[in-house]
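Novice: Chains as they are written, first to last, in the numbering used here: chain A, 84 to 509; chain B, 84 to 509.
What the hints contain is simulated information worked out from the structure, not anything from laboratory work. Computed from a predicted model, the values in this text were never measured in an experiment. Accuracy of the hints is not assured; some may be wrong.
When chains are identical, the list treats them as one kind, so a pair holds in a single copy or across two.
[As the list claims (entries may be wrong)] Straight-line alpha carbon distances no greater than 20 angstroms define the calculated EDC-like cross-link-like pairs of lysine to aspartate or glutamate that follow:
1) LYS110 with GLU442
2) LYS110 with GLU450
3) LYS110 with GLU445
4) LYS125 with GLU398
5) LYS125 with ASP276
6) LYS334 with GLU445
7) LYS125 with ASP192
Protein chains: 2
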Amino acid sequence: MTVHVPTHDAIETMMLDIGQRARAAAKAVRDAPGAARTFALKAMAARIRAAAPEILAANAADLERGRRDGLSAPMMDRLALDSARLEAIAAGVDAIAAQDEPLGAVIADWTRPNGLRIQRVRIPVGVIGIIYESRPNVTADAGALCIRSGNCVILRGGSDAIDSSTALTAALRLGLQDAGLPADAIQLVPTTDRAAVGSLLRGLGGAVDLIVPRGGKSLVARVQDEARVPVLAHLEGLCHTYIHTGADAAKAVALTVNAKMRRTGICGSTETLLLDRSIAADLLPVIAAELTARGCELRGDAAAQAIVPMTAATEEDWRTEYLAPILAVRVVDGIEAAITHIATYGSGHTDCIVTEDAEAAERFLREVDSAIVLVNASTQFADGGEFGFGAEIGIGTGRLHARGPVGAEGLTTYKYLVRGTGQTRP
Amino acid sequence: MTVHVPTHDAIETMMLDIGQRARAAAKAVRDAPGAARTFALKAMAARIRAAAPEILAANAADLERGRRDGLSAPMMDRLALDSARLEAIAAGVDAIAAQDEPLGAVIADWTRPNGLRIQRVRIPVGVIGIIYESRPNVTADAGALCIRSGNCVILRGGSDAIDSSTALTAALRLGLQDAGLPADAIQLVPTTDRAAVGSLLRGLGGAVDLIVPRGGKSLVARVQDEARVPVLAHLEGLCHTYIHTGADAAKAVALTVNAKMRRTGICGSTETLLLDRSIAADLLPVIAAELTARGCELRGDAAAQAIVPMTAATEEDWRTEYLAPILAVRVVDGIEAAITHIATYGSGHTDCIVTEDAEAAERFLREVDSAIVLVNASTQFADGGEFGFGAEIGIGTGRLHARGPVGAEGLTTYKYLVRGTGQTRP
Numbered sequence: 084m085t086v087h088v089p090t091h092d093a094i095e096t097m098m099l100d101i102g103q104r105a106r107a108a109a110k111a112v113r114d115a116p117g118a119a120r121t122f123a124l125k126a127m128a129a130r131i132r133a134a135a136p137e138i139l140a141a142n143a144a145d146l147e148r149g150r151r152d153g154l155s156a157p158m159m160d161r162l163a164l165d166s167a168r169l170e171a172i173a174a175g176v177d178a179i180a181a182q183d184e185p186l187g188a189v190i191a192d193w194t195r196p197n198g199l200r201i202q203r204v205r206i207p208v209g210v211i212g213i214i215y216e217s218r219p220n221v222t223a224d225a226g227a228l229c230i231r232s233g234n235c236v237i238l239r240g241g242s243d244a245i246d247s248s249t250a251l252t253a254a255l256r257l258g259l260q261d262a263g264l265p266a267d268a269i270q271l272v273p274t275t276d277r278a279a280v281g282s283l284l285r286g287l288g289g290a291v292d293l294i295v296p297r298g299g300k301s302l303v304a305r306v307q308d309e310a311r312v313p314v315l316a317h318l319e320g321l322c323h324t325y326i327h328t329g330a331d332a333a334k335a336v337a338l339t340v341n342a343k344m345r346r347t348g349i350c351g352s353t354e355t356l357l358l359d360r361s362i363a364a365d366l367l368p369v370i371a372a373e374l375t376a377r378g379c380e381l382r383g384d385a386a387a388q389a390i391v392p393m394t395a396a397t398e399e400d401w402r403t404e405y406l407a408p409i410l411a412v413r414v415v416d417g418i419e420a421a422i423t424h425i426a427t428y429g430s431g432h433t434d435c436i437v438t439e440d441a442e443a444a445e446r447f448l449r450e451v452d453s454a455i456v457l458v459n460a461s462t463q464f465a466d467g468g469e470f471g472f473g474a475e476i477g478i479g480t481g482r483l484h485a486r487g488p489v490g491a492e493g494l495t496t497y498k499y500l501v502r503g504t505g506q507t508r509p
Numbered sequence: 084m085t086v087h088v089p090t091h092d093a094i095e096t097m098m099l100d101i102g103q104r105a106r107a108a109a110k111a112v113r114d115a116p117g118a119a120r121t122f123a124l125k126a127m128a129a130r131i132r133a134a135a136p137e138i139l140a141a142n143a144a145d146l147e148r149g150r151r152d153g154l155s156a157p158m159m160d161r162l163a164l165d166s167a168r169l170e171a172i173a174a175g176v177d178a179i180a181a182q183d184e185p186l187g188a189v190i191a192d193w194t195r196p197n198g199l200r201i202q203r204v205r206i207p208v209g210v211i212g213i214i215y216e217s218r219p220n221v222t223a224d225a226g227a228l229c230i231r232s233g234n235c236v237i238l239r240g241g242s243d244a245i246d247s248s249t250a251l252t253a254a255l256r257l258g259l260q261d262a263g264l265p266a267d268a269i270q271l272v273p274t275t276d277r278a279a280v281g282s283l284l285r286g287l288g289g290a291v292d293l294i295v296p297r298g299g300k301s302l303v304a305r306v307q308d309e310a311r312v313p314v315l316a317h318l319e320g321l322c323h324t325y326i327h328t329g330a331d332a333a334k335a336v337a338l339t340v341n342a343k344m345r346r347t348g349i350c351g352s353t354e355t356l357l358l359d360r361s362i363a364a365d366l367l368p369v370i371a372a373e374l375t376a377r378g379c380e381l382r383g384d385a386a387a388q389a390i391v392p393m394t395a396a397t398e399e400d401w402r403t404e405y406l407a408p409i410l411a412v413r414v415v416d417g418i419e420a421a422i423t424h425i426a427t428y429g430s431g432h433t434d435c436i437v438t439e440d441a442e443a444a445e446r447f448l449r450e451v452d453s454a455i456v457l458v459n460a461s462t463q464f465a466d467g468g469e470f471g472f473g474a475e476i477g478i479g480t481g482r483l484h485a486r487g488p489v490g491a492e493g494l495t496t497y498k499y500l501v502r503g504t505g506q507t508r509p
């Protein structure tokens, strides 16, 4: 289903209306007690389960269109729902309902010499616009996380999944109404016209407080160019695993294989392996054998090629997020060179050192300027669930506001409450 | 002194070089121990004192140009330095040197069931661009706050104060060198050409992490339109004082007078007074007499005019940040109407309720969605010093990252440190 809107002016008008509806709903959602939002989340999960036939039928329509349009097999797999996947989506919403209430928490609390008591308390951001691609579960995850954190959300899903997203959104909105909250706290943009994205990025006349883009490089480039409201950036994950001279060999092999091959298509997968020269000759053959046996292609610098035959890596390889079973390999002269390589080519997402040397580990933790810095653990732990946040809206790679895995708390901000007894300022 | 640069291309080239210098300095400043930054700050204060003759001579040149250009008396006063004001600037830098180190603080710390220990630690933002107008003290305050928080800064001061700012920046840079830190951690854009601002707002090829604009509406509008990097917004302060029916009369009078008249030109001054209808007839005459005696003009709605003769307020008055001895006055029907007025016309900066009714106070604190919400205290407390933060870079009115008074901590962000023992992700 696509609503056909004839002109860009008409789309802008429609989008401004969506913005006003979200803004109008924001106060009710923000002021509702946490228990009401929890009730709404449980009702949303129940409504998804109850609407399973309609959601699966809508998904079938998306899949049929995808076949006609010649979507790739991985894209079709991302798009496809069945009863089990739909139950997982509903269970995800239930899990968010079970999370602690992030709002109202007192982050800081102090009293000034003049008797003013100052508290910093957690509040919602307001209205959040989320731009994403074809996975239908994002519709439910993003909608649920925004409600958990007291926000309203305007969802702009990819055209491939528009029917599934529309059916899922209808269920979420019924759940909101079951709890006495405004349905417009969750809205899906009902057109796949790209002009609607431009409209959202301009902020809908001040109605949008934050944009969260989840997608590939072209979306990110467009957002950076066009956004006139703050953006919670989720850029690429050009992650490194660095095997230090003090590494335990068995851990180094296991961690590299897991970091690269557990799932190659996620942002936390390692794209470049750095090895200290002193241990490269011993370790690289073992690692290469394990990876090659699992179908991974290696692309190395001259020193790596001298140890194990592999394709020559070019400068471009150090800058490439493969999201595929390909690993760039570089031999480095110690931790300083490794940190410099990561600062030069990395994306500030997730980087790991493998070492038993505590001093080297602490230096790496301190000097690598990425959202997540690991010692002796797979880069694939870059995930909100693995951090204990429940669902995540993504991994923030910007430097402001929320970084790393962003869950409900990352969608909040704060205000200061000041209680006085008549103090005037001298 | 103005460096004359012939073309916009040349300015862009110069600005990109400034960005690269800042980026090159960033790692040294970030990795330096807190004690080194403290030493640098003390040295900066000493260098300002030592350079007093040069700084005052530069200021005299600015003042002479200001007279020639016909700057207003308030502008000339903002611009002027003397020995006492210069000592206050140096003492401000010393006070920032005495502040607690914000970096390295562990904000959160937990261990996952798989044994991964996760810490969220405070780190600098990186390179900050600050665009401001004519007050020379901002050069020293902003430079010092950025060093305290481990950042590098590119200062773009107003043309009126360019000689003063140049002389102050030279002293700050000598202080950095005294501590063995790179002088390029603090740079002043050496041209007053507005093209340099555009260049900074585009982010200098990725070198700038954050823009902090401090200025009037035209600067803010330009920043919102042109910025391609995150902005820590300091918009206008359209602050309200609301006198609830449960107010103590003496407090209501004293707070209103202080909130409006202590200093009318600062962002925390109250611009609109809201009074509950039930107490307006009793209180407004007293408040109006006190304000009028101090030279304040009142502009009221029909109900206020019926109580005290005053100019009629128009819709525009509710939206105006006067920054002058003028107060808009509106009689409202209770707390709900007051909160709605503030939501409609306010700027999300600072708002106060005067009441002895605890329930009304808590409702106001909860439902008013501004950076600072006060009970029974003057809106003029909206200030980093009054919050105990020492110097401030301004009052954040955006919703993301840092809100309210922004001191050194507001110029930091965080990263996650994850310590494992070889964990792979299942």
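Novice: Are the hints correct? Go through all of them and say.
Specialist: How the hints compare with the structure:
1. Taking the shortest Cα distances, LYS110 and GLU442 sit within 20 angstroms of each other only across copies (19 angstroms), while inside one copy they are farther apart (50 angstroms).
2. In this assembly of identical chains, LYS110 and GLU450 lie within 20 angstroms of each other by CA distance solely across copies; the values are 8 angstroms between and 42 angstroms within a copy.
3. Taking the closest pair of Cα atoms, LYS110 and GLU445 come within 20 angstroms of each other only across two copies (16 angstroms); inside a single copy the shortest separation is 45 angstroms, beyond that limit.
4. Taking the shortest Cα distances, LYS125 and GLU398 never come within 20 angstroms of each other, neither inside one copy (50 angstroms) nor across copies (44 angstroms).
5. In this assembly of identical chains, the alpha carbons of LYS125 and ASP276 never lie at most 20 angstroms apart, being 33 angstroms within a copy and 58 angstroms across copies at closest.
6. Proximity of LYS334 to GLU445 under the C-alpha cut-off of 20 angstroms is restricted to the intra-copy arrangement: shortest distance 18 angstroms within a copy versus 55 angstroms between copies.
7. In this assembly of identical chains, the alpha carbons of LYS125 and ASP192 never lie at most 20 angstroms apart, being 33 angstroms within a copy and 30 angstroms across copies at closest.
In this structure, the earlier hints numbered 4, 5, 7 are contradicted, and the remaining ones agree with it.
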